[in-house]
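Chemist: Sequence:
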Amino acid sequence: MAPKKQHQQNQYGLSYSAMVILVIQNAPVLLKGLPLCNRGTSVKDIYTYLKAHVKPLAQMGQKEWEKTERVIRHTLSQTTYFHRFSTDEDGRPVLVASKEDGGLKGSLWTLHPAPGESVDK
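Under full-length UniProt numbering, the residue at position 36 of the sequence shown is numbered 36, and the numbers go up by one with no gaps.
Treat the hints as calculated values from the structure; they're not laboratory data. Careful: at least some of the hints might be erroneous.
[Unchecked claim] 25 Å max Cα-Cα, derived BS3-like pairs, lysine-lysine: (1) Lys63 with Lys44; (2) Lys55 with Lys32; (3) Lys32 with Lys44.
Make a model of the complete structure from these sequences and hints.
Modeler: Written as C-alpha cells, this is what we have:
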C-alpha cells in the first residue's frame with residue numbers, strides 16, 4: 001500500500017474557510033446595508049485571489065486544482081457564516097445563508113455570522 005500523500009499546508013497556515021474570509025475581507029466590492037462585513041466577492045474571484053496569493057495553490061496541476069475548487073465551494077455552502085448577497089425586486093439587499101435555498105448562482109459571497117458565532121477560528 002502506497003503511503004498516504006501528506007496534506008500540503010498553505011503559506012498562511014490557514015484552513016479553507018479562513019482563506020475565504022481573508023479573500024472576502026480584501027475584496028474590492030463594497031456592499032451597502034450589511035451590518036458586519038460590507039465586502040463581497042464571487043467564487044471566481046475567490047479562486048483568482050487564492051491562486052495569486054497562496055503559492056501551493058498556484059503550483060497545483062489541473063486535476064488537483066479542480067479538487068480544490070470543489071473543496072472551496074463545499075466550504076462556502078456548508079459554513080454557516082458565509083452568506084450569498086443579492087438584491088430583491090425592489091433593490092433591497094438580501095442575505096441568504098449558505099445552507100438555505102434561494103441564493104442565486106453567481107451571487108456575491110459575504111460574511112454574516114449569527115449572534116454569538118465567530119469567524120475567528
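Chemist: Evaluate each hint against the coordinates.
Modeler: Quick rundown of the hints versus the structure:
{"no.": "1", "hint": "Lys63 with Lys44", "in the structure": "17 Å, holds"}
{"no.": "2", "hint": "Lys55 with Lys32", "in the structure": "33 Å, violated"}
{"no.": "3", "hint": "Lys32 with Lys44", "in the structure": "21 Å, holds"}
Of the numbered hints given earlier, the model fails hint 2 alone.
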